[in-house]
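Visitor: Here's the letter readout for the chains.
Protein chains: 2
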Amino acid sequence: MIRVLTLGGLVGAALFTMASPASADEGMWTFENFPAARVKADYGVTVDEAWLQRLRGAAVRIPGCSASVVSAAGLVLTNNHCITGCLVQLSSADKDHLKDGVLTATRAEERQCAGMWAEVLMETTDITDQVRAAVAGKSGAAFNAARDAVTAAAEAEACKGVESARCQTTSLYRGGQYVVYRYHRYSDVRMVFAPEFATAFFGGDPDNFNFPRYDMDSAFLRVYEGGKPAKTPNFLKWNAAAPKAGEPTFVPGNPGSTERLLTVSQLESYRDLAIPVGQLQRSELRGRLIEYGRRGPAEKRLVADPIFNLENGFKVFFGRQFALNDKAFMDAKRDQEAELRAKVAADPALAGEIGDPWGEIARAQEAYATSYLSYRQLESDAGRSSVLFSWARGLVRAAAEREKPSAERLPEFADSRLAMEERRLTAARAIEGPLEQLYLEHWLLKSREYLASSPADQAAVLGRESPEGLSARLVSGTRLADPAVRQALWDGGMAAVLASEDPLIRYVLQMDAAARAARAAWERDVEGPTDRAAERIARARFAVYGDSIYPDATFTLRLSYGKVAGWTHRGTEVTPFTTIGGTFDRATGEAPYALAPSWIAAEGRLNKDIVYNFTTTNDIIGGNSGSPVVNAKGEVIGAAFDGNIHSLGGAYGYDPVLNRMVVVSSAAITEALRVVYGRDALVKELMTGK
Amino acid sequence: MIRVLTLGGLVGAALFTMASPASADEGMWTFENFPAARVKADYGVTVDEAWLQRLRGAAVRIPGCSASVVSAAGLVLTNNHCITGCLVQLSSADKDHLKDGVLTATRAEERQCAGMWAEVLMETTDITDQVRAAVAGKSGAAFNAARDAVTAAAEAEACKGVESARCQTTSLYRGGQYVVYRYHRYSDVRMVFAPEFATAFFGGDPDNFNFPRYDMDSAFLRVYEGGKPAKTPNFLKWNAAAPKAGEPTFVPGNPGSTERLLTVSQLESYRDLAIPVGQLQRSELRGRLIEYGRRGPAEKRLVADPIFNLENGFKVFFGRQFALNDKAFMDAKRDQEAELRAKVAADPALAGEIGDPWGEIARAQEAYATSYLSYRQLESDAGRSSVLFSWARGLVRAAAEREKPSAERLPEFADSRLAMEERRLTAARAIEGPLEQLYLEHWLLKSREYLASSPADQAAVLGRESPEGLSARLVSGTRLADPAVRQALWDGGMAAVLASEDPLIRYVLQMDAAARAARAAWERDVEGPTDRAAERIARARFAVYGDSIYPDATFTLRLSYGKVAGWTHRGTEVTPFTTIGGTFDRATGEAPYALAPSWIAAEGRLNKDIVYNFTTTNDIIGGNSGSPVVNAKGEVIGAAFDGNIHSLGGAYGYDPVLNRMVVVSSAAITEALRVVYGRDALVKELMTGK
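Protein sequence lines correspond, in order, to chains F and B. Sequential numbering of the first sequence, starting at 0, is according to numbering that gives the first Met the number 0. Sequential numbering of the second sequence, starting at 0, is according to numbering that gives the first Met the number 0.
Hints may be right or wrong, so weigh each one.
No copy labels: a pair is met if it fits in one copy or bridges any two.
[As the list claims (entries may be wrong)] Here are the simulated DMTMM-like pairs of lysine to aspartate or glutamate, each with C-alpha atoms no more than 25 Å apart in a straight line:
#1 K326 to E365
#2 K98 to E467
#3 K607 to E464
#4 K314 to E467
#5 K326 to D304
#6 K562 to D608
#7 K607 to E467
#8 K632 to E500
#9 K299 to E431
#10 K326 to E336
#11 K98 to E464
#12 K314 to E464
#13 K403 to D147
#14 K98 to D304
#15 K326 to D524
#16 K342 to E352
#17 K314 to E365
#18 K137 to D95
#19 K299 to E464
#20 K94 to E109
#21 K314 to D380
#22 K632 to E48
#23 K689 to E402
#24 K137 to D530
#25 K314 to E267
#26 K39 to D128
#27 K299 to E467
#28 K326 to E156
#29 K159 to E402
Just so you know, the hints here were simulated from the structure itself, not pulled from any lab data. Computed from a predicted structure; not experimentally measured.
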């Protein structure tokens, strides 16, 4: 699944910058800079301003995902996997909506998803010149303060007087461009339809990021205003006909994050160190969670969601590693880098300005190799997934940081973020002791193992205790599960923290100096030099390629183009379509290949020849989940929900030969709504737009 | 630990051949071809024939390990980890010798290790010319038959009339040389002394293959003949003085297996595919076993040994991956390959004879990438560690193969191996149902995951069942735990197998065609072409470098030279010594850093300054465990028991900068025998040789 993914300790330097000159179908283009001429030449499709405006006005951003408006009455299409939080929320002891889905017959039955929002982009304003003017001659904290003052003022100005507006500045091309995005935000989002989990995620983890595929990974929401369905005249027309091979496809949506400007030496560090270590640790933890779940039904329920997330993350990095281990992929990255370096070298003035950032980054990789394990185990991955640990560290650090001026603090404790941090650290939340201990013990075991050649860091984490004994002592002794205890520590500041006898607080206090030192070394020797060098690489690209390139993904609206196509890998040809009939052939009756009862009952009445899922060449990534897939006329022919395993290398570069998006067709959604679920009113709304 | 390791599905082509021209201290040299001149030049030590003879006559081979004679009364030094099987065997419900060690006060207390043997090499005979003459013009089965006839005759001749002699032909330099080794075999081996597990393996898995280190990984055996201690006038003198930095060290022993002739493209396949997949699966299984052991004390005992073995294997491949991910290491391999290719190209006659084996192997890597996962999951790693599965497959295949002439069978069922196979398949052995199911389920889960892009193979393994359901059904239903059932299936042959209703037999029958097909594809497309090409690379090396090179390890007697030295990695200098005092500083009281009670009691009386463990540059590998480390005078100054993490890359090439052997010093062994264990008679025997 291609939700936005948190990368944990992996992102040494987040490079939000532009990529290389694009190859066929490559690119997550801004609407302002869409390569219409190229699309015309390649596909014969005319993409004019009106066409773009229609798409933009119907494209929707929801938390972590994308979506689209598909009727004049606020109906919104997205993926089932994007709204599982709401399904859990709406469930009760009697009714498990995640498992069984949601069917509504009338709008009165549409229930609100608490906290959910949906945004439509209304306007973008380029404020690059104002920012440049304000920061001129400044650096460090003064630079940041000046930049933030300009962007805050611009956001306030753009959103002035409109309650439902939300404004947010995004830096594109790594500071090459600053843009204020003004969204219309819908804060009342209700659930209209969701299929069963077994239908939405048929094939489960084994089929995740693979194809052929048979997933009804779709759901419908409706945005409301003033207690009524919002009026949304600018919607995308629903097309229930099957797509054809080679047909052009366009995907507006919000790709979350790419790192296509990484140098080859950085990719090698990911390939040889960061990703493998993360994957090995993830694998061992996966084994532990699976086995823990074998104890009984209660344990099985407890680990279901953690396993789900862990397996998705594992698959993502498996795909990335796969790309980085692919000789052709790395050769292409090497060629791109060599080309840019040659062009820079050919221009003495530019070469003088740019220097040798590639060499600087390559040298920073030595520090990467030296510092990574300590940084990971003591800082970025400390405590693994233990909520208790993250609270304890947050409370200890917040107390220390709040005694300093905002500008001198660790950035996550700056004044502007303090309220959010307090909410996070003091909120009530259910704690599962056995799982907490499992996470802590696993982290401590791996720290002991991976810090074997850094005895001082090993000792900072474990002292003279064993992973088993220490984790048991911390989890059984801590009272941090109680929100009042945490609130008192927050309110009491450093004095309260130092006076606390809570074992987890004392433990974090004891190891924090070593953890901060590991972070400082990482920022000083790896992140800092890498950021400085990467900025000059970005500048070089601007100088050489101009705006024939697209910015790295930033979870803002982009448009991708491509076509319906399969692929061929190692002699095996994968056709781009599956049919509804295929899911019955694939079904075994055992999870994750067990059909929902509704589908078993409907088998005889379904048209099995209808295209179910299909693949296209569109260049998308996590955050694009739920994006509408539209044809040349701008009609919805499906919802993007996944990529193939090769698409995961898309984080670092687009491979036109292998990278494929996976879509559930409008045709199949329509057929299922009609035949399996009997949602005639919803089908009518889709077909008529009303 | 550096016991001989079974590589499972990893070894595509076992290349028992010679390596590149040796760098400083590199080489596992035969005694016949020891580079004495080089040692004289580098270390000023004169290694003459008498010196070599003395070493050779005291060097001992035991199952999977090495050892040495250290008194005239048959006393043998080796590692504790080499004789754990005997310790378990000698234990009873009252006494756990693996945990508590063995102390004997008199020879009457020395108990026999059943099945244990010890061999001293007496003579080697080069029969290359006879073999060459016999096989001339032959190929395939005729070639093998002719070769085997010559070697069998030569072995019989060499061992004629000597009951205790054992003769074995080994092919060195990948068939470049055939040598009959005649050993004197001691079949009555008794236990004299072993320390506690906590003392021998202090630091456990976290410190395994690391340094600093504090392990008394030593043990003493005694060889007997005619019920009395054997007379062994040719023994190594014991030296209880501490080694010095830079002091030359020599290690006679039996390195098990190296693959130093692999081409760069093969190493890349290991690095990018085979090792990572194996490690990820090992990690997940490790997590499962750890978590299974958390259920209770009985479960913890059950998984202790499987975890121990799994973690050792994991560490070995972690080190190998580390080397393969090291740019300098791979660059050195590339340079060596380029040099040889250039020398071949410069000699037209040789080039014509050799062709382009490197290109052929590189092309075979494409087949490797295509076939590996199916070959691994269906064939080489099928059933994972399930004993029941391996019995079922063995019985099914033996029945099928025995219907063919011997020469046409899968080689493991040739007439010469059939008796051994029958013993394996019909022996009584305790079966742990839950562990069997865990292994099978894990294997099935991973097969489903890794065969996602080979649906036919996936279906062959799982049918329409789930991993959980299928493994439960097979383990609960099978009766193969009963040796009588297996014997009946063996005796009844194919008719009995086909008539069996045992679910495991039926399951294996059903998937065997797919498994055999995966194996056939692997042998045809990967192993075959690789073997044929590698043979020509070996020939090219002979032609270019002659006998200035040493053969790949073959678990036969070799001699390595080097010196006491630490190393520097990423700016961190590791000194080559630890002291007895260090183990008390390192101890935490919690396993694996808990001291044995005997050491705690002795702390005040021990000389803490004595060197405990030390590192040297000697080039050794698994199989060398227990080897004596001798000084220039040929005196024992320690027992080799491990390598550092970098030494694990030694499977593919020796790195003089980082590759280090880890030794427990004679000085520390002597101090512990005296002060901790009060073994005065043993100390006296060591010091006087009597």
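Visitor: None of the hints should be skipped; say for each whether it holds.
Guide: Okay, the hints, checked on the actual structure:
1. Taking CA atoms no more than 25 Å apart as the test, K326 paired with E365 passes in both settings, with 23 Å inside one copy and 11 Å between copies.
2. Taking identical chains as interchangeable, the C-alpha atoms of K98 and E467 lie at most 25 Å apart only when they sit on different chains, with a minimum of 20 Å there against 36 Å within one chain.
3. For a Cα distance limit of 25 Å, the shortest separation of K607 from E464 across copies, 24 Å, qualifies, whereas the shortest one inside one copy, 61 Å, does not.
4. With identical chains, the CA atoms of K314 and E467 are at most 25 Å apart between copies only, with a shortest distance of 21 Å across copies and 29 Å within one.
5. Proximity of K326 and D304 under a CA criterion of 25 Å is satisfied in neither setting, with 35 Å inside one chain copy and 39 Å between copies.
6. Taking the shortest Cα distances, K562 and D608 sit within 25 Å of each other inside one copy (21 Å), while across copies they are farther apart (74 Å).
7. Taking identical chains as interchangeable, the C-alpha atoms of K607 and E467 are never at most 25 Å apart, the minima being 54 Å within one chain and 30 Å between chains.
8. Taking CA atoms no more than 25 Å apart as the test, K632 paired with E500 passes in neither setting, with 66 Å inside one copy and 61 Å between copies.
9. For the homomeric pair K299 and E431, the shortest alpha-carbon distances inside one copy (13 Å) and between copies (23 Å) are both at most 25 Å.
10. Taking the shortest alpha-carbon separations for K326 and E336, both the intra-copy value of 15 Å and the inter-copy value of 19 Å come in at or below 25 Å.
11. For a Cα distance limit of 25 Å, the shortest separation of K98 from E464 across copies, 21 Å, qualifies, whereas the shortest one inside one copy, 43 Å, does not.
12. For the homomeric pair K314 and E464, the shortest alpha-carbon distance between copies (23 Å) is at most 25 Å, but the shortest distance inside one copy (34 Å) is not.
13. In this homomeric assembly, K403 and D147 come within 25 Å of each other (Cα to Cα) only inside a single copy, at 20 Å, whereas the closest approach across copies is 81 Å.
14. For the identical chains of this complex, K98 and D304 are intra-copy neighbours only, at 13 Å inside a copy versus 41 Å across copies, given an alpha-carbon limit of 25 Å.
15. For the homomeric pair K326 and D524, the shortest alpha-carbon distance between copies (20 Å) is at most 25 Å, but the shortest distance inside one copy (29 Å) is not.
16. In this homomeric assembly, K342 and E352 come within 25 Å of each other (Cα to Cα) only inside a single copy, at 13 Å, whereas the closest approach across copies is 45 Å.
17. Only between protomers do K314 and E365 lie at most 25 Å apart by alpha-carbon distance; the minimum there is 23 Å, versus 28 Å within a single protomer.
18. Taking the closest pair of Cα atoms, K137 and D95 never come within 25 Å of each other, the shortest separation being 56 Å inside a single copy and 72 Å across copies.
19. For a Cα distance limit of 25 Å, the shortest separation of K299 from E464 across copies, 20 Å, qualifies, whereas the shortest one inside one copy, 30 Å, does not.
20. For the identical chains of this complex, K94 and E109 are intra-copy neighbours only, at 16 Å inside a copy versus 71 Å across copies, given an alpha-carbon limit of 25 Å.
21. Taking the shortest alpha-carbon separations for K314 and D380, both the intra-copy value of 19 Å and the inter-copy value of 22 Å come in at or below 25 Å.
22. Taking the closest pair of Cα atoms, K632 and E48 come within 25 Å of each other only inside a single copy of the chain (13 Å); across copies the shortest separation is 89 Å, beyond that limit.
23. In this homomeric assembly, K689 and E402 never come within 25 Å of each other (Cα to Cα): the closest approach is 58 Å inside a single copy and 74 Å across copies.
24. Taking the shortest Cα distances, K137 and D530 sit within 25 Å of each other inside one copy (17 Å), while across copies they are farther apart (65 Å).
25. For the identical chains of this complex, K314 and E267 are neighbours both inside a copy (19 Å) and across copies (22 Å), given an alpha-carbon limit of 25 Å.
26. In this assembly of identical chains, K39 and D128 lie within 25 Å of each other by CA distance neither inside one copy nor across copies; the values are 32 Å within and 74 Å between.
27. Within a single copy, K299 and E467 get their C-alpha atoms as close as 22 Å, and across copies as close as 13 Å, so both meet the 25 Å cut-off.
28. Taking identical chains as interchangeable, the C-alpha atoms of K326 and E156 are never at most 25 Å apart, the minima being 50 Å within one chain and 53 Å between chains.
29. For the identical chains of this complex, K159 and E402 are neighbours neither inside a copy (35 Å) nor across copies (88 Å), given an alpha-carbon limit of 25 Å.
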